[in-house]
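Could you slot chain B onto chain A? The hints should help.
As given, the protein sequences belong to chains A and B, one line each in that order. Taking our numbering, the leading residue of the first sequence gets 1, the next gets one more, and so forth. Taking our numbering, the leading residue of the second sequence gets 1, the next gets one more, and so forth.
It is possible that some hints are incorrect.
Said to hold, decoys possible - Straight-line Cα separation of at most 25 Å, DSS-like style, residue types lysine-lysine; simulated pairs: (1) A:K206 with A:K135; (2) B:K293 with A:K293; (3) A:K293 with B:K206; (4) B:K276 with A:K225; (5) A:K293 with B:K225; (6) A:K31 with B:K293; (7) A:K206 with B:K298; (8) A:K298 with B:K293; (9) A:K298 with B:K31; (10) A:K225 with B:K293; (11) B:K298 with A:K31; (12) B:K293 with A:K206; (13) A:K293 with B:K31.
In case anyone wonders, no lab produced these hints; they're calculated from the structure.
The residues making up each chain are set out below.
There are 2 protein chains.
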Amino acid sequence: LKAELEKLRGLHWDGEYLHFIEQTLLPHQEKWIMTDDWQVVVDAIRRLAIRGAPAIGVAGAFAAVLAFKKNKDDLNAWNEILEKIEHARPTAVNLSWAVGKIKQSSAGQVGDNLLNTITSQAEQIAIEDEDNCLKIAENGLEVIPPGSRALTHCNAGALVSYGIGTAVGVLRQAFEKGLLKEVYACEARPLGQGARLTMWELHRLKIPCTLLCDSAAGRLMQEGKIDLVMVGADRIAMNGDTANKIGTFNLAVLANRFSIPFYVAAPITTFDLKAKSGENIPIEYRHPEEVRKYGHYKTTEGQSRVYNPAFDITPGELITGIISENNIAYPPYNFS
Amino acid sequence: LKAELEKLRGLHWDGEYLHFIEQTLLPHQEKWIMTDDWQVVVDAIRRLAIRGAPAIGVAGAFAAVLAFKKNKDDLNAWNEILEKIEHARPTAVNLSWAVGKIKQSSAGQVGDNLLNTITSQAEQIAIEDEDNCLKIAENGLEVIPPGSRALTHCNAGALVSYGIGTAVGVLRQAFEKGLLKEVYACEARPLGQGARLTMWELHRLKIPCTLLCDSAAGRLMQEGKIDLVMVGADRIAMNGDTANKIGTFNLAVLANRFSIPFYVAAPITTFDLKAKSGENIPIEYRHPEEVRKYGHYKTTEGQSRVYNPAFDITPGELITGIISENNIAYPPYNFS
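If we strip away everything but chain A, and leave its shape as in the complex, we get (with noise of 0.2 Å):
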């Protein structure tokens, strides 16, 4: 498992530079970056390079430690940097979470003391991450039948973490134990996170997989074809209400018409304390040229006016149960 993990990174610390994988290049091309910029990191992650709420907490943590090894001598414009670094994308906490804890083990401490100390925090985020996807994918298998065909949406893999990933690291331990029979894709307009990079991981993973439009999804379900959907998550509110990639939230009520378990995996960094609901977490609206265009291909007039959100919230009573590294929750959900 360790050598297909390492097979299908899409981010590697090697102790001064943050390695990452162009993801808007895949499927056509891989393309590794090499950087010690702090700017390079979030620059990625806005333009989504590096995607997926763990990955951006992950690398949002070793941007902190680059961009202090630039700004040594000035704390306040570290500090700064670190505010950006926070808000590079607004839906997912793990970015917030990440720079909290890089905050809270710098208290107190200052040049070289620092740096190591960061450095280790960020290491520890990196490695506790690779390790919550596989406790994540051990607990999930408890709800996958044998002969299980699964559907997922977007890319929760590999690419979305330090690990395995969260939906797909569950879905690749249940093919490895025989439960798995396969999975159908969704495409994820308007990025094809789902066409690209989910096809791609499990390509590459040997599992038969299927890929359909957004569209389809309600007709995949109609026909029988669907025993469970398992998707990641972007932020998890304390009621279960769930941010994710735009079309989730459909996925879940056509689940539920058709009295399909569906599933949400996710690290405990996700969840966010503060938000009681799915009211209280922020959508991001992105720009209309990820609509009127797929790839270089021009979909539509160029002066269409488009509504573009990222993400939707599914209501935590659509969700039959929230995988993480701890255990698997059942609603009515109530964290703490």
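Frame of chain A, contents of chain B only:
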């Protein structure tokens, strides 16, 4: 309205040639094709250069006329061609309805008499379609409260008919009457008829419109931005079950969750007397390349397996009303 109609036409019969707009190139290029070759018409239907249930009925009727001109002395050959026209696409019932009308009208006739009869019949089908669209638009006004914000899917406008279209025809009429505030158009992957065609039509009609990915429809309703959904149909069963562009069913289930009225607008030619329910409607599965690409952009790896139904079935119970040229029918549906 007539002048506007002319501007937006996708089909035109000049007495000898069928002219059609090459819809696959819209909105980037407005290319008209003029043909007296039935095979060009059938190919255009298969390629979706001519598309939409009413439009392919009309085009099929003219294809039958064009085919007869080249096979006046060989009725067997002509009948074989009629079979081909009828089966150019399986889901919309309008093709077989139109070919049936041509066959009926031709009974017992030969030579130029037969040609005159079927030409008149085809022209009547076209004129009636234009007329029916206007009546549908008029009937539909009843369900559009003032200030409405409507969601539509795929394209059910002028391009799918010989007139102003079905669902978009209603919205257009409602806009002119000052009832409609704006339209949201779902993209309709894989072929983007919403992004390419509906937005193109709505811009030309100067109706305020916003494009969204199919995956964003749930969020749009979640935000309270939609007052009603209005779609077309490819085939309607006697119990109201409706085949329409893939993704329509998703919208119906979502609308139902939010108690948003969900309407279907379609001419009587779209109703299939032989289909008791949706189970009797054949669903067309199209080529994987439609999903593996968007225009010329490759969305995934070349070997990706694909699930690509072109239509889904919306159960009658989820449809608030079905608007035809005759009236508005309400559930429980029991057509005959």
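Going through the hints against the structure:
1. A:K206 with A:K135: Roughly 22 Å separates the two Cα atoms, so the pair holds.
2. B:K293 with A:K293: holds (12 Å)
3. A:K293 with B:K206: Given pair K293 of chain A, K206 of chain B holds - Cα atoms ~22 Å apart, limit 25 Å.
4. B:K276 with A:K225: Roughly 24 Å between the alpha carbons, so the hint for K276 of chain B and K225 of chain A holds.
5. A:K293 with B:K225: Given pair K293 of chain A, K225 of chain B holds - Cα atoms ~24 Å apart, limit 25 Å.
6. A:K31 with B:K293: Cα-Cα ~22 Å, so holds.
7. A:K206 with B:K298: holds (21 Å)
8. A:K298 with B:K293: holds (12 Å)
9. A:K298 with B:K31: holds (17 Å)
10. A:K225 with B:K293: holds (24 Å)
11. B:K298 with A:K31: holds (17 Å)
12. B:K293 with A:K206: The hint holds at about 22 Å.
13. A:K293 with B:K31: holds (22 Å)
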